[in-house]
Structure formats: C-alpha cells, structure tokens
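Whole structure, please, built from the sequences with the hints as guidance.
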Amino acid sequence: MENHLTVLDTVFRALADPTRRAVVHQLVDGGPAPVTELARPFEIGLPTFMKHLKVLEESGLVRSEKAGRVRTCHVQAERLEAAESWLAQQRSLWRGRTDRLADYAEKLAAKREVQ
Amino acid sequence: MTFDESLDIRLARIIKAPRSVVWTAWAEPEHFARWWTPAPVVTIVDKFDLRPGGAFDTTIKLEDGTEFGGQGCFLDVVARERIVFTDALREDWRPNKETFFSAIITMEDHPDGTLYTAVALHNGEADRKKHVDMGFETGWGTAIDQLARLAEELAA
Numbered sequence: 001m002e003n004h005l006t007v008l009d010t011v012f013r014a015l016a017d018p019t020r021r022a023v024v025h026q027l028v029d030g031g032p033a034p035v036t037e038l039a040r041p042f043e044i045g046l047p048t049f050m051k052h053l054k055v056l057e058e059s060g061l062v063r064s065e066k067a068g069r070v071r072t073c074h075v076q077a078e079r080l081e082a083a084e085s086w087l088a089q090q091r092s093l094w095r096g097r098t099d100r101l102a103d104y105a106e107k108l109a110a111k112r113e114v115q
Numbered sequence: 001m002t003f004d005e006s007l008d009i010r011l012a013r014i015i016k017a018p019r020s021v022v023w024t025a026w027a028e029p030e031h032f033a034r035w036w037t038p039a040p041v042v043t044i045v046d047k048f049d050l051r052p053g054g055a056f057d058t059t060i061k062l063e064d065g066t067e068f069g070g071q072g073c074f075l076d077v078v079a080r081e082r083i084v085f086t087d088a089l090r091e092d093w094r095p096n097k098e099t100f101f102s103a104i105i106t107m108e109d110h111p112d113g114t115l116y117t118a119v120a121l122h123n124g125e126a127d128r129k130k131h132v133d134m135g136f137e138t139g140w141g142t143a144i145d146q147l148a149r150l151a152e153e154l155a156a
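One line per chain: the protein sequences are G and A, in this order. Be aware that the first sequence starts at 1, since it is given in our numbering, and climbs by one per residue. Be aware that the second sequence starts at 1, since it is given in our numbering, and climbs by one per residue.
Hints in this document: simulated from the structure, not taken from any laboratory. Mixed in with the good hints there might be a few duds.
Distance condition first, Cα-Cα at most 25 Å in a straight line; then the derived BS3-like pairs of lysine-lysine [to be verified]:
1. A:K16 with G:K107
2. A:K61 with A:K47
3. A:K61 with A:K97
4. G:K111 with A:K16
5. G:K51 with G:K66
6. G:K54 with G:K66
Now the structure itself:
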C-alpha cells in the first residue's frame, strides 16, 4: 500500500507542472513523439525540457526509447489510470484538506500567541 | 475499527498548533469553511450542529457556479478529541438514500503540537458514485486537468 501511494504521489507531483502536463496531453492526444518535436512548442531550452522529461520518466508516466539519433516518448496509460483511480482521488482530497487545516490552524495559533 | 485498504483512507499529520486551536479550526463553521475546499472552490456551511445526530450540511460551489449539496450528520463528538460523521444519515439519524462514507477525525497531544488523524471508510458502492459525488468529470482530457488540480493541492 505504502509503495503504491508513493508512486501516486510521484505521478501527482509530475503533473503539477504546466509544461509536463502539456507533454502528457500531447502524448495522449497525438501518440508517441520524438523529444525534439515535443519540446518545440515550449520557449525553454532543450536542457530544461530534458529535466521535465526526466521527472515524467521517473514518475513512470512517460517512457522513451532511442532509435539511432531519435529519442521517442510514449505515455504509459496504465500509470495515468492508476492515478485516476477513485481511491487515489479520495486520498488526494483528504490530504489536501489535512494540509489546509494544518496551515490554517498553525496560522491561527500564531495569531493567538501574538494577541 | 476495521480498515479495508482497497476502500479506506487513513492520513496522519502533525500540526504545529495546540489541540484547542486545531479543534477550533475544525469545529467552528466560520473557520471550517476556510480550509475544507481549496480556493477558488467555496464551502458554504448550511448546518453545523456539532452533537451526535446533529446536521452537517454543506454546499460546495465551483468556480463556474456549479453547486454540490450534501447532507450528513455527526455521529460522535468528543470536544478536542474526536469527530465522527457520515453522509449515510442526515439530521437526527434520518437515513439518506445514497451513502458513501464515514469519517473519523482524531486529535491527540504531540510534543510538536497535535497529532491529527483522518480516516475515511467507504462502502462498495463508492466507485459507482465517485464522479457524481465529487464533481469529477470523466474523459481523458478533463481527467488530466483534474489530476493537475489535485497535484497542485498536494504540492501546496
């Protein structure tokens, strides 16, 4: 269970960034694509783009393979489906609530100490 | 309490605030509404009668104006220690037609403040109702957007 949840956290974090989200969108809509083609719409250098790709690969959302000089990326649908599962959504919901409560209560406590 | 890993959720967190403050943040509606949903989603507390059998009714309002209302009831309340609630029943123990979860919130003293634990127990029908209840939409594109919002919530 713990491992499964750690995997999901990695997936959620990977998708927290707009560039990485756009890459996943592109791969879902357009199918496998070479890295250079994926990087083209973004106004960032290739090294920066490769860092994003690394995060996506580490999360298991994307895998890439090199054939000759071309590296092609694929989306790993099963990983995305795992993250979409109902329990994962519920967990995120409760985790968000817990984080916001902690933040709120800590600020409230600080405010009361001042008074 | 039985815990089913395929259905249930348990989260623990150390909150760096005294238990009395964590309790206030949870148990007083004007505070509760401030953190229950992430902005820009708004929580409207319709009824918040913190006693066993007391109503716990909220309306969740999305940015586009869509509203989701829920009627629940508190099952067990021990000041500064424990809140148990469900959507299986509403005010004064009247059964709801469709049920989804029970939640057990506990607060314990901890050297750094408060050990806060939230457990959510679900029934087997949960999966069927998931999207309707939580306002999630189906489909590839929207699912990714939804995940992104969840991720931003996690990262916040």
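So, going through the hints one by one against the coordinates:
1. For the suggested pair A:K16 and G:K107, the alpha carbons sit about 9 Å apart, so the restraint of at most 25 Å is met.
2. This hinted pair checks out: A:K61 and A:K47 have alpha carbons roughly 16 Å apart, not beyond 25 Å.
3. Only pairs whose Cα atoms come within 25 Å are accepted, and A:K61 paired with A:K97 is accepted, the gap being roughly 22 Å.
4. Among the hinted pairs, G:K111 with A:K16 is consistent with the structure: their alpha-carbon atoms are about 13 Å apart, no more than 25 Å.
5. Of the pairs offered as hints, the one joining G:K51 and G:K66 holds, with about 17 Å between alpha carbons and a cut-off of 25 Å not exceeded.
6. The suggested pairing of G:K54 with G:K66 holds, with an alpha-carbon distance near 14 Å, which does not exceed 25 Å.
The structure shown violates none of the earlier numbered hints.
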